[in-house]
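Novice: So you can see what is in the structure, the chains are spelled out below.
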Amino acid sequence: MRVTLVIVAGLLLCSVTWTGAEGAGPLDERGAVKAVTCAACHGPAGNSRSSAMPIIAGLEPAYFKKQIEDYATGKRLSPEMEPYAKQVLNLGVDDVTAYFAARKREATPVTSPADAVGRGRTAAAQCTICHGPQGQGDAAKLIPSLAGQAPGYLREQMLLFKQDRRSPGDPTLAALKALMKTIPDETFGDLAAYYSSLR
Amino acid sequence: MRAVTRRAFLRTSGLGLGALAGGALAGCAASMKGDFAPKKGPRVVVIGGGWGGATAAKYVRQFDRTIEVVLIEPNRQFVSCPFSNLVLAGVRTIDSLTMGYDGLRKHGVRIIHETASAIEPDQKRVRLGEGYLQYDRLVVSPGVDFQWEQIEGLAQNQDKVLHAWKAGPQTVQLAQQLAAMPDGGVFVLSIPLAAYRCPPGPYERTSLVAWYLKTNKPKSKLIVLDANQNIISKAALFRAAWQAYPNIDYRPASRVIGVDPGAREVRTEFDKIRYDVVNVIPPQRAGAIAVQADLVGGDKRWCEVNHVTYQSVKQPGIHVIGDATIGLPVPKSGNIANAMGKITAAAVVNLINGKEPPTLAPGNTCYSWVSDREAIAVVNAYKIENGKVVQIEQKLTPAQSPLVAQRAIGWTQSIWADILA
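For the record, the sequence lines run as chains D and A.
Just so we're aligned, residue 1 is where the first sequence starts under my numbering, counting upward by one.
Just so we're aligned, residue 200 is where the second sequence starts under my numbering, counting upward by one.
Take the hints with a grain of salt, since some may be wrong.
Negatives, chain A to chain D, calculated, CB over 12 Å [unchecked claim]:
| # | residue |
| --- | --- |
| 1 | K257 |
| 2 | V290 |
| 3 | N429 |
| 4 | I431 |
| 5 | T564 |
| 6 | T611 |
| 7 | A616 |
| 8 | D617 |
In silico DSS-like cross-links for lysine-lysine, where the CA-CA straight-line distance does not exceed 30 Å [what the hints assert, rightly or not]:
| # | chain 1 | residue 1 | chain 2 | residue 2 |
| --- | --- | --- | --- | --- |
| 9 | D | K65 | A | K232 |
| 10 | A | K418 | D | K86 |
| 11 | D | K162 | D | K181 |
| 12 | D | K177 | D | K75 |
| 13 | D | K34 | A | K587 |
| 14 | A | K587 | D | K86 |
| 15 | D | K65 | A | K471 |
| 16 | D | K34 | A | K359 |
Honestly, the hints are just simulated from the structure, not real lab data.
Only a predicted model underlies this, so the values are computations on that prediction, with no experimental measurement involved.
The beta carbon of each residue, even a glycine, is placed where N, CA and C say it ideally should be.
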């Protein structure tokens, strides 16, 4: 018992350094409560640290809203996101997108081999036309930033575009899909490595 | 949120707790008697540091740093139940599912690694050792305990007949038993009647044990004795996955009523089955503290709660979350417990600050592995309607795939960080 007490007290003393890591944010902030469910997959404050789950912190609200609507209507196929998109629409999509737009985006910690990044840089020449020289995107045209995004997610999305399984028939994506059809599947890993490495 | 004054910062940050610990140190053993850590401001006590409780503790601090949070959890490390079936199959190590609580301490959560012995709702205090802790709001996330007495021979043979239904030492021991089983041996898995923790978990375990046997001990067999009438979660997807495992002998409506480790035999109402390795997942109820505090219903098993605030319908001053709850149309899953933790944290903070609790429903994301590299998933979305949680939609992955498995890995990384980092 005595040992336990000393350990408990020691732990208390150890907690003197207190740091407030950025997380859910204050409760009164717009969308903060409505966004809590998202962290389970997309990480604290939407900054996913995994390869497969996309970072949603700092997303442009208009782009974000279109994705939620496309998921909810089944245009963008995802068994995981379709129910959650409906839940977000039920809660108020503008509050949720406003919350994540205000979060500071932290680039993925997932690193890729330097040779894959190098090959991806070369292969990315055509992507820069829309996504910009640093993959920063163009908010006005609903073109998302790719810089620092999770590589597994990027690779999966490129495959879905190539196979026309993401938002089939969407005229705004026709040129993108035509380009993806010219790229061999194995190059998608290189492109994902390159764009995820950008800061 | 209120502006954090210097005084409030000192009170709720480590400095205030340091002073408190100094008092505890001075008195040592005596300090655990009586009110050993007097409350100096608003305080939330959380019992249970699993998926629900650890999340609730962290999020109260995230939402309002002027509130002191004390988490009572006997285990010094968090071991994830999700993904622990992969340890049985030798695909993951238990270390890869084991995490510390330092992340919560960085949020200013004070953690006491003891077992709460009782709750005194009238005095708003939790009994701990020979002393007690006072609270303004109490969150109880007690998990499940096993009803050993439901199966003859189980209570006295807990060291031989493993459950491995709380990730930890038993997970490793069962993996060792499986690895040591001779090729040609029989592994018997017993599944209790619903409700129990993690509805698809036993079927994921069936898949992974079958995968392990097929790969490593091809002459062996897996007999699954399911007390339920059919697979109770993701049934079509599991059935499809089991096409690859002719070594599975699945027997529905087969409730195990006895086990005899001497004869290496389990007994159902109609049959006796010999085994080389047995895994009995016993029937379950809410964790012991919920029974002690009279939070369970007439069945003495589960806790009915308000669907918005998670306050117990029997003890309105106490919030109950996670697998111990009943009455919501949600599964007993880690993702649901995590969501309940966050919603309850918001409710608790608002109630302490004299505001209305938010009206928010949880969500459920549930991945199951069906081999060493493929997984399936089910997702449920909910809303609040007339004060009750109602399902909006349920979706399943169309088929098992490695991509789903990659997203399962992504989910664990995100949700473990959401709970603990």
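Novice: Does each hint hold? Answer for all of them.
Specialist: Comparing the hints with the structure gives:
no., hint, verdict
1, K257, "violated, 8 Å"
2, V290, "holds, 17 Å"
3, N429, "holds, 22 Å"
4, I431, "holds, 19 Å"
5, T564, "violated, 6 Å"
6, T611, "violated, 8 Å"
7, A616, "violated, 6 Å"
8, D617, "violated, 4 Å"
9, K65/D with K232/A, "violated, 55 Å"
10, K418/A with K86/D, "violated, 48 Å"
11, K162/D with K181/D, "holds, 5 Å"
12, K177/D with K75/D, "holds, 15 Å"
13, K34/D with K587/A, "holds, 17 Å"
14, K587/A with K86/D, "holds, 18 Å"
15, K65/D with K471/A, "violated, 58 Å"
16, K34/D with K359/A, "violated, 47 Å"
The structure does not agree with the numbered hints 1, 5, 6, 7, 8, 9, 10, 15, 16 stated previously, though it agrees with the rest.
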